[in-house]
Amino acid sequence: MSELLRVNNLKKYFPVEQGLLTSRLSRKVKAVDDVSFTVNQGETLGLVGESGCGKSTTGRCLIKLLVPTSGTVEFEDRDVAKLRGRDLKAFRRDVQFIFQDPYASLNPRMTIGEIVSEPLVVHGIGTKTERRSQVQDLLKTVGLNPEHLNRYPHEFSGGQRQRIGIARSLALRPKLIICDEPVSALDVSIQAQIVNLLSDLQDEFGLTYVFIAHDLSVVRHISDRVAVMYLGKIVELGDWKNLYDAPHHPYTQSLLSAVPVPDPEKQKSRSRIILQGDVPSPIDPPTGCRFHTRCPIAQFPICSEQEPELREVAPGQRAACHFAKPMPIALG
Amino acid sequence: MSDRDDLHHDAHNPHTHDESPVDHGELRDAAGHSIKDQSRSLPIPPTDDIITDGGRTLWGDAWYRLRKNKLAIAGLIWVIFVILVTLSADLWVKPYFGDPLAMDTTLGANLQPPSAEHIMGTDKLGRDVFARVVYGARISLTVGVIAVAISVAIGLIMGALSGYFGGFMDTLIMRGADVFLAFPYVLFAIALIAVLGPSYRNVFIAIGILGWPSIARVFRSSILSVKENEYIDAAKAMGAGHMRMIFRHIMPNAVAPIIVYGTMSIGGAIITEAALSFLGMGVQPPTPSWGLMLSDARPLMVRAPWLMLWPGFAILTTVLAFVLMGDGLRDALDVKMKD
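Chains A and B, in that order, are what the protein sequence lines are.
Sequential numbering from 542 applies to the first sequence in the numbering used here.
Sequential numbering from -12 applies to the second sequence in the numbering used here.
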């Protein structure tokens, strides 16, 4: 398998806006702080973490919606930040994005036909009639009625709108799609439909996904590999099976133990790891290991002084913890 | 975008749950009474044919909501009425009621109270007040519309530059707007007209120039909120250019407040024109203007009150009509008020 996307030491800091007289550059939110990973052709990489851990910022850096503070994003061995003109346009064709909020991601003043065909118009593909039939095909592909071309987004439900967003992202036949929490705004019953649709489309069009989510049970269904993020850093990265069967990082373990088990007997008897406190502020992250303030197995002073490397803990599995050890968590 | 926003969104949008199965439980109305009979006859809609009402656009929806607002429609009808009367004035007012400029110097022809011959009476120079009120509407409406058109034209460009590009451009334009807004409005208008010379044309130039900062501010903030939407990111991610972004994605979603504000501003511009003319800085005699008529009527308020009442009534109703229309438009264009 060849590497389609390579992320090297990606950092994205946002300046904290302060008062008129204090310096604006003095403090920064370290939304993404030194993240590296690769995505192989045809696979799905799940990017998981709680709100504010930098997973969406990472996703936006991947498609150049945000410019990284430092580090590089390479798509097909070319630095995305350096793309200009025609190369940038080609990149925009190859990489698409599916947004989290199906209500905010569709322009309310455009019809479904206009929305789905817009990428084709922007890239000058096909004539008007060709585009029309292509849009109808796309709507059929994502399970919508192709007759609904002339309707407006507000006439559709959340799940249907997300399908429209997916149709739009497919229009240019991209190689890579970044899905930024595509199901977190939807009802649970519809979440499964959308995840299954994405998975079917992957087989049909040979797509590669970066699938961002805060819900491990959603990611599990679609991912080949999973990266767990905490406070702007990847704390564990591995094949989904290894990661779910034998999580090494205490944060991954606590996330897995938070996934509800459908069997109430099992749910009652299983031990749960409940983290204390809130996520520390990314403006002023803890020294050493960022997780040490909430970690159940932290030992001092090493954890508060030395930052753990993301090291190989098992074949195809890396974790950033001084005391990484496998701990299976019972899942339904 | 936080998850909280999404919840918020869902709470407002009744379409969210359409794919979930239809609840066959007992339906109750607001008071808790069972409305079982209706629930039994409710058909189960097929999944993708639910909320459709024939593909009405958002603008179509807005018109539908505006039609239901009686006050706004009353305002609209009054404005249309005034426009029609003014446009057709040459056909029936001049021949049957009198020329607004024709003085009657015969003894006793001036300051007549309303009568069959002069339905609104005559002024101190024996001119027919009704004719002057009708022709005064021409001046007022023209000044109102052109002045606001000038403010909107400048304001839209300034607001778009400042809101879309941000940064230094934003600071420059907004501080410029602050300078304009720092001066008392009428005083600034008087100063401008003092420089340009008092005339009908200079009145709307002055009002137009003074109006842009508010329009620019409203439009800028509207653009800033539209820019937060993910469909803007979506357009950026597909490689859309600035022109497409501004005219296709931002403008159509950001102009609603300008339509509202512009409509209300027409009323404001009419008042300013009247005020300037009242002070002798606007339309010059003998051209009929509501403000000028009020000014002429002031010393005669006790002897001939109708001289003051009719133009005053005309200003009041016309301005009110524009404000009611603007108010109705605001409700009609607000997507959040959608039921």
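Among these hints, one or two may not hold up.
Said to hold, decoys possible - Part of the chain B face toward chain A, derived, beta carbon under 8 Å:
hint	residue
1	N97
2	P101
3	E104
4	I133
5	F234
6	P239
7	A243
8	P286
Said to hold, decoys possible - So the derived list for chain B, only partly shown, Cβ under 8 Å to chain A, looks like this:
hint	residue
9	L45
10	S212
11	N216
12	E217
13	Y218
14	A221
15	K223
16	A224
17	M225
18	G226
19	A227
20	H229
21	R231
The hints are simulated quantities; they were obtained by calculation from the structure and are not laboratory data.
It should be emphasised that the depicted structure is a prediction, and the values quoted were computed from it without experimental measurement.
For every residue, glycine included, the Cβ atom is placed at its ideal position computed from N, Cα and C.
- request: Run the structure past the numbered hints and jot down the numbers of the failing ones, going up.
  value: 1, 2, 3, 4, 5, 7, 8, 10, 20
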